[in-house]
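> Using the sequences and the accompanying hints, generate a full structural model.
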Amino acid sequence: MQTCHLQGSGIWNEDALVVNERNQVYGVVDGATSLGGYRDKSSNTGGYIAAQLLAAHAIEAADGMPLEQLVMQANAALGDRMREAGIDMADKAQRWSAAFALFRVREDWIEYVQAGDCMLFAKYKDGTYRRLTHDQVARFDRACCGSVRRRWNWAFANRRRFFAICCRSSARTGSGRIPAADTPC
1 MQTCHLQGSG IWNEDALVVN ERNQVYGVVD GATSLGGYRD KSSNTGGYIA
51 AQLLAAHAIE AADGMPLEQL VMQANAALGD RMREAGIDMA DKAQRWSAAF
101 ALFRVREDWI EYVQAGDCML FAKYKDGTYR RLTHDQVARF DRACCGSVRR
151 RWNWAFANRR RFFAICCRSS ARTGSGRIPA ADTPC
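With this note's numbering, letter number 165 in the sequence shown gets 165, and the count goes up by one each step, no holes.
Note that these hints are calculated values from the structure, not bench results.
Errors might be hidden in some of the hints.
[As the list claims (entries may be wrong)] Below, simulated DMTMM-like cross-link-like pairs (lysine to aspartate or glutamate); rule was C-alpha separation at most 25 Å, straight line:
1. Lys92 - Glu107
2. Lys92 - Glu111
3. Lys123 - Glu107
4. Lys41 - Glu68
5. Lys125 - Asp108
6. Lys125 - Glu21
7. Lys123 - Asp40
8. Lys123 - Asp108
9. Lys125 - Glu111
[What the hints assert, rightly or not] Computed beta-carbon distance windows for the label pairs:
10. Pro66 - Asp135: 21 to 31 Å
11. Met72 - Val105: 14 to 24 Å
12. Glu68 - Leu17: 28 to 38 Å
13. Tyr129 - Gly79: 13 to 23 Å
14. Met89 - Ser43: 36 to 46 Å
15. Gly127 - Asp91: 42 to 52 Å
16. Gly86 - Tyr124: 44 to 54 Å
17. Lys41 - Leu6: 23 to 33 Å
18. Lys123 - Lys41: 20 to 30 Å
19. Gly127 - Arg83: 43 to 53 Å
20. Cys4 - Ala56: 40 to 50 Å
C-beta atoms are modelled at their ideal positions from N, C-alpha and C, and glycine is treated no differently.
Below, the structure written as structure tokens:
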């Protein structure tokens, strides 16, 4: 297995690389900075904390633990950390989060879990590729872009915050539905 991790263009790197050779679990985690600007005593952002926490759960995963169960446990631990830090859990814009793609390699199959815009591709022996997952954030982006076109003046002046609030308010809902293009986020 080969890995590569490059620092992005930002000052803060909220990414984590997962390499658990013992249990054959690999992946990437991309932390998302909360809009509240939270920093802990070490100046780590909520997105960094979310990414590191999920990566640690994956690296320390018990042999055979289903990846979905691993992610659910990490998510519960993240909720605990946010409550301990005094984050208003009712305000989705304040919550810490991370996109991820994790997979486990077995003799005859692979197991994977994915959320957000981290993607998994398979490369076959003949050199062809197959997309295994889809970008789960793109549809939120499209819905928010429709709203921006209708409210361009406000959105242009506040575009970064608008996109983030719109996507955060649509994420982590029980229905998983996004607002219609003509519905304000």
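> Would you mind marking each hint as holding or not holding in the structure?
A quick look at each hint next to the structure:
Proximity of Lys92 to Glu107 is assessed by CA-CA distance (about 40 Å); at most 25 Å being required, the pair is judged violated. Of the supplied pair hints, the one linking Lys92 and Glu111 is violated, its CA atoms being roughly 30 Å apart against a limit of 25 Å. As the CA atoms of Lys123 and Glu107 are separated by approximately 16 Å, the hinted pair is consistent with the 25 Å bound. For the hint linking Lys41 to Glu68, the alpha-carbon distance of about 31 Å lies beyond 25 Å, and the restraint is violated.
Distance restraint check for Lys125 and Asp108: the Cα-Cα separation of roughly 15 Å lies within the 25 Å cut-off, and the hinted pair is therefore satisfied. A distance of roughly 22 Å separates the Cα atoms of Lys125 and Glu21; the hinted pair therefore holds under the 25 Å criterion. In summary, the hint linking Lys123 to Asp40 is not supported, as the alpha carbons are separated by about 40 Å, beyond the 25 Å threshold. Between the alpha carbons of Lys123 and Asp108 the distance comes to roughly 15 Å, so the proposed pair stays at or under 25 Å and holds.
A threshold of 25 Å between alpha carbons decides the hint, and for Lys125 with Glu111 the separation of about 19 Å falls inside it, so the pair holds. A C-beta distance of roughly 24 Å is found between Pro66 and Asp135, which places it inside the suggested range of 21 to 31 Å. Hint check: Met72 to Val105, Cβ distance near 21 Å, so the stated range 14 to 24 Å holds. Between Glu68 and Leu17 the Cβ separation comes to about 21 Å, which falls outside the hinted range of 28 to 38 Å.
A hinted range of 13 to 23 Å is violated for the C-beta pair Tyr129 and Gly79, which are about 36 Å apart. Checking the proposed 36 to 46 Å range against Met89 and Ser43 shows it is violated: the Cβ atoms sit about 23 Å from each other. The hinted range of 42 to 52 Å is satisfied by Gly127 and Asp91, whose Cβ atoms lie roughly 48 Å apart. Roughly 49 Å separates the CB atoms of Gly86 and Tyr124, a value that falls within the hinted 44 to 54 Å.
For the pair Lys41 and Leu6, the beta carbons lie near 28 Å from each other, so the given range of 23 to 33 Å is met. A hinted range of 20 to 30 Å is violated for the C-beta pair Lys123 and Lys41, which are about 42 Å apart. At about 48 Å, the beta-carbon gap between Gly127 and Arg83 stays in the expected band of 43 to 53 Å. In this structure the hint that Cys4 and Ala56 lie 40 to 50 Å apart at CB is violated, the actual value being about 21 Å.
Checked against the numbered hints above, the structure breaks hints 1, 2, 4, 7, 12, 13, 14, 18 and 20 and satisfies the rest.
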